[in-house]
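Residue numbers (numbering that gives the first Met the number 0), protein chains in the order written: chain A, 0 to 249; chain B, 0 to 306.
Heads up, a few of these hints could be off.
What the hints assert, rightly or not - Here are the simulated DSS-like pairs of lysine-lysine, each with C-alpha atoms no more than 30 Å apart in a straight line:
1. A:Lys85 <-> B:Lys247
2. B:Lys140 <-> B:Lys181
3. A:Lys16 <-> B:Lys127
4. B:Lys224 <-> A:Lys85
5. B:Lys181 <-> A:Lys16
Stated by the list, open to error - Distance windows between CB atoms, simulated:
6. B:Arg108 <-> A:Ala133: 50 to 56 Å
7. A:Met223 <-> B:Arg108: 41 to 47 Å
8. B:Ala73 <-> A:Tyr167: 38 to 44 Å
9. A:Lys160 <-> B:Gly164: 47 to 53 Å
As the list claims (entries may be wrong) - Derived, one-sided and incomplete: chain A residues facing chain B with beta-carbon distance under 8 Å:
10. Arg5
11. Arg9
12. Thr17
13. Asn21
14. Val44
15. Val47
16. Val50
17. Ile81
18. His88
19. Ala92
20. Thr96
21. Lys241
22. Leu242
23. Arg245
24. Lys246
No wet-lab data here; the hints were simulated from the structure.
By construction, the Cβ of each residue, glycine as well, lies at the ideal position given by its N, Cα and C atoms.
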Amino acid sequence: MMKAMRVLVRHMRVFMKTWKHNLMYNVAEPLLYLSAMGFGLGLFVQEVNGVSYIEFIAPGMIALSGMYSATFECTYGTFVRIYYEKTFHSMLAAPVTITDVIWGEILYGAVKSILFGLVILGVIAALGLIKSPAVILLPLVLGLTGLVFAELAICFTALVKNIDYLNYYITLIITPFFLFGGLYFPVDALPPLAQTLNWVNPLYHSVELCRALCLGNLAPGLGMHAGILIGMAALASPFPVKLMERKIIS
Amino acid sequence: MDNVIIAESLGKCFGAFRALNGVSFSVRAGECFGFLGHNGAGKSTTMKMIYGLSTVDEGILTLFGQSHRLTPPAIKAQMGVVPQEDNLDTELTVLENLETYGGLFGLSRREARVRAQELLDFMGLSNKAADNVESLSGGLKRRLVIARSLMNHPQLVVLDEPTTGLDPQARHLVWQKLRALKAEGVTLLLTTHYMEEASQLCDRLVLMHEGLILAEGSPPELVKKHMPPCAIEVRLPFDSLPQDFADKVTAAGGEVLRVADALFLYAVDGKKLWDQLDAWGVPRHACFLRAATLEDVFLKLTGRGPE
């Protein structure tokens, strides 16, 4: 497990070479949503919960970037490293275990969430949409978001044999998370059942935390959102290694 | 320590398929030990057990004096692995590939760079250090993978089909490097389905077929033990040969081996058999007389030709 850092260092060296191509889907997409919704739909929506529409949705884009970064890295990225680039085999020939390799993957997903989330934060700050110094805690939220989504993504990747099946995860799990996760409208607008279901949506908790930190609404409920994300990360933590071990070690 | 690897009755099943069926062998320190066999004979499964990608479910595998179900990092730290397929980091340059891999062994960036440069020199890749891996030819990639396997000064290097897909010149270069490594005292374990590679490099080898070891020894020993010294290849379709041809060869003291549509004759006195071919209705210009080789041992024991 300690040697997961060596795996992370390996990934970061590759990242230093490839980060420019990575910016596209991790950063461009949330910014496109922000501009379309914020500047377009925002014209028809006066205020949400006492703030302008673009102020309401902007923090959610940070969480969205965090979710996407870890998700894409630990689905498509991991799959390519296993089957196409055979990176897992080369790493496992070195003195590391499958546990190290998998935690290296998860940490890499979390680090990418922080980095790309911060790029979005920079853009939002430049637009003058940050209202509170509490935003300094944002990297923690992004790291936690990345951890949860990286763990989930690795579990799913361990279960599929064909790269096309990863689309199911994106369309059936990730897309509903961001459509109903309180990014574009407050979740209390949803029917009661959907509101209840949102409690198992990690992005919802991440969005609430990001919004509170950006706007300075530091209500006591925030601890609960953070606690739930930590709980999710802890609960999911044994499964990525267990499932991947079955796949990689014959 | 005399034996670097001792395998006792290794067995492995993948569902209903039995990949290894009681494989025992031992590899001495400093030798080049080979696994010769078809694809699917069980060579790669055995290699994967050694370098920790497959668990030892049946039998005992002892590496550097220790037995484990799955080879642990401490043992992998003494080993280098050249896998069947090149799995280099395509985003990185030649030098960066080695440096980054060194990091997985816990080398600092500086240590890794020094070692990487030594190895690029050794493998004749120094002028390619800054090149992107994708731009390398198959032979150069292979040499880089071998260089990478040496980053940790391994005592044992496991090479899974090190020259498959290389042109003859690139293959000879790889062989030269492997000989140089062996001269430095590194133990080499290699799998191949090239008879020539096995004959050129291996001090001892085992011949594997359908998860079993059929024979073991040095290449000359194996030929001597299993084959008469002379071989005649009959390069005519089997159906076009006289019906009683095989009987005549046998009556004259020769052995007949049919592999698919090809026919091989073996004899202690090959010349005597050769001189009679025309009289038996088989034109000599369609035949070829030569000394028996490892390939003949392979044909005889597996009942199939090499691929």
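Hint-by-hint comparison with the structure:
no.	hint	result
1	A:Lys85 <-> B:Lys247	55 Å, violated
2	B:Lys140 <-> B:Lys181	21 Å, holds
3	A:Lys16 <-> B:Lys127	18 Å, holds
4	B:Lys224 <-> A:Lys85	41 Å, violated
5	B:Lys181 <-> A:Lys16	36 Å, violated
6	B:Arg108 <-> A:Ala133: 50 to 56 Å	37 Å, violated
7	A:Met223 <-> B:Arg108: 41 to 47 Å	43 Å, holds
8	B:Ala73 <-> A:Tyr167: 38 to 44 Å	40 Å, holds
9	A:Lys160 <-> B:Gly164: 47 to 53 Å	26 Å, violated
10	Arg5	5 Å, holds
11	Arg9	5 Å, holds
12	Thr17	6 Å, holds
13	Asn21	11 Å, violated
14	Val44	43 Å, violated
15	Val47	43 Å, violated
16	Val50	42 Å, violated
17	Ile81	11 Å, violated
18	His88	6 Å, holds
19	Ala92	4 Å, holds
20	Thr96	6 Å, holds
21	Lys241	15 Å, violated
22	Leu242	16 Å, violated
23	Arg245	11 Å, violated
24	Lys246	12 Å, violated
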